[in-house]
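Novice: Sequence:
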Amino acid sequence: MYSLNIYKGCGHKCIYCYARSYISRLHPRFEEPSPRVRFKERIREDTRRLSKFIRLPVAISNSTDPYQPLEKKCKDTRFALSILKDYNFPVLITTKSDLILRDFGIISEMDAVIAVTITNLSSERAKILEVNAPPIENRLKVVEEFSASGINTVVRIDPLIPGWNTNERDLRELVEKVAEAGVRRIITSVIKVRYEFKQLLEEIYAISQGK
Numbered sequence: 013m014y015s016l017n018i019y020k021g022c023g024h025k026c027i028y029c030y031a032r033s034y035i036s037r038l039h040p041r042f043e044e045p046s047p048r049v050r051f052k053e054r055i056r057e058d059t060r061r062l063s064k065f066i067r068l069p070v071a072i073s074n075s076t077d078p079y080q081p082l083e084k085k086c087k088d089t090r091f092a093l094s095i096l097k098d099y100n101f102p103v104l105i106t107t108k109s110d111l112i113l114r115d116f117g118i119i120s121e122m123d124a125v126i127a128v129t130i131t132n133l134s135s136e137r138a139k140i141l142e143v144n145a146p147p148i149e150n151r152l153k154v155v156e157e158f159s160a161s162g163i164n165t166v167v168r169i170d171p172l173i174p175g176w177n178t179n180e181r182d183l184r185e186l187v188e189k190v191a192e193a194g195v196r197r198i199i200t201s202v203i204k205v206r207y208e209f210k211q212l213l214e215e216i217y218a219i220s221q222g223k
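Under the numbering used here, the letters of the sequence shown match residues 13 to 223, in that order.
Treat the hints loosely; a few may be bogus.
As the list claims (entries may be wrong) - Using C-beta positions, here's what the derived DEER-type ranges look like:
| # | residue 1 | residue 2 | range |
| --- | --- | --- | --- |
| 1 | 50 | 178 | 41 to 49 Å |
| 2 | 150 | 179 | 18 to 26 Å |
| 3 | 50 | 179 | 25 to 33 Å |
Since the hints were made in silico from the structure, they are not lab data.
Ideal Cβ positions, reconstructed from N, Cα and C, are used throughout, including at glycine.
Required output: the full structure, derived from the provided sequences and hints.
Specialist: This is how it looks when you write it as structure tokens:
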């Protein structure tokens, strides 16, 4: 599988993001994202070159959300998808943004899997964890529309943070909600603890305990 991170940094400002800890060395202002230099030219060249070999699936994006707010202006994700579609590359798109619905027409013509991150159903908690990410109800709308169209749609309950979003009743409710929206596959993983957000984790634990 190929990995394509379209932007440098991410504007969603999720406090559990593990990517900032290793990307920050190359991009110190991780939460002030920017487009990649010559991106459109490079993605066109690379896709044409790789198409001569086996067309492995392209994961978009493992470290930065391809539909973060910057995409509204730059449209680099939309451009990349149009090029990948022309060369018949399968794609796995991971996002927590309803902006992906803008590109429904392109994605529906591709061999695509859509993975939508929903960590819990509480809007208040989601806003603490994922500061600038779209509301939960918007993400559920994404799940509903893509599932209804027959496009492979996955929900990521990721990360699981013990004491924050691991309550059995809440998890059951979340699973039932996304199942009602048409999802048949759910994946999870536990939080990847990094020293630099230890204090932030302590703060959300304090909130979860009502302190």
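Novice: Compare the structure with each hint and give your call.
Specialist: We went through each hint and held it up to the structure:
| no. | hint | in the structure |
| --- | --- | --- |
| 1 | 50 / 178: 41 to 49 Å | holds (43 Å) |
| 2 | 150 / 179: 18 to 26 Å | holds (23 Å) |
| 3 | 50 / 179: 25 to 33 Å | violated (47 Å) |
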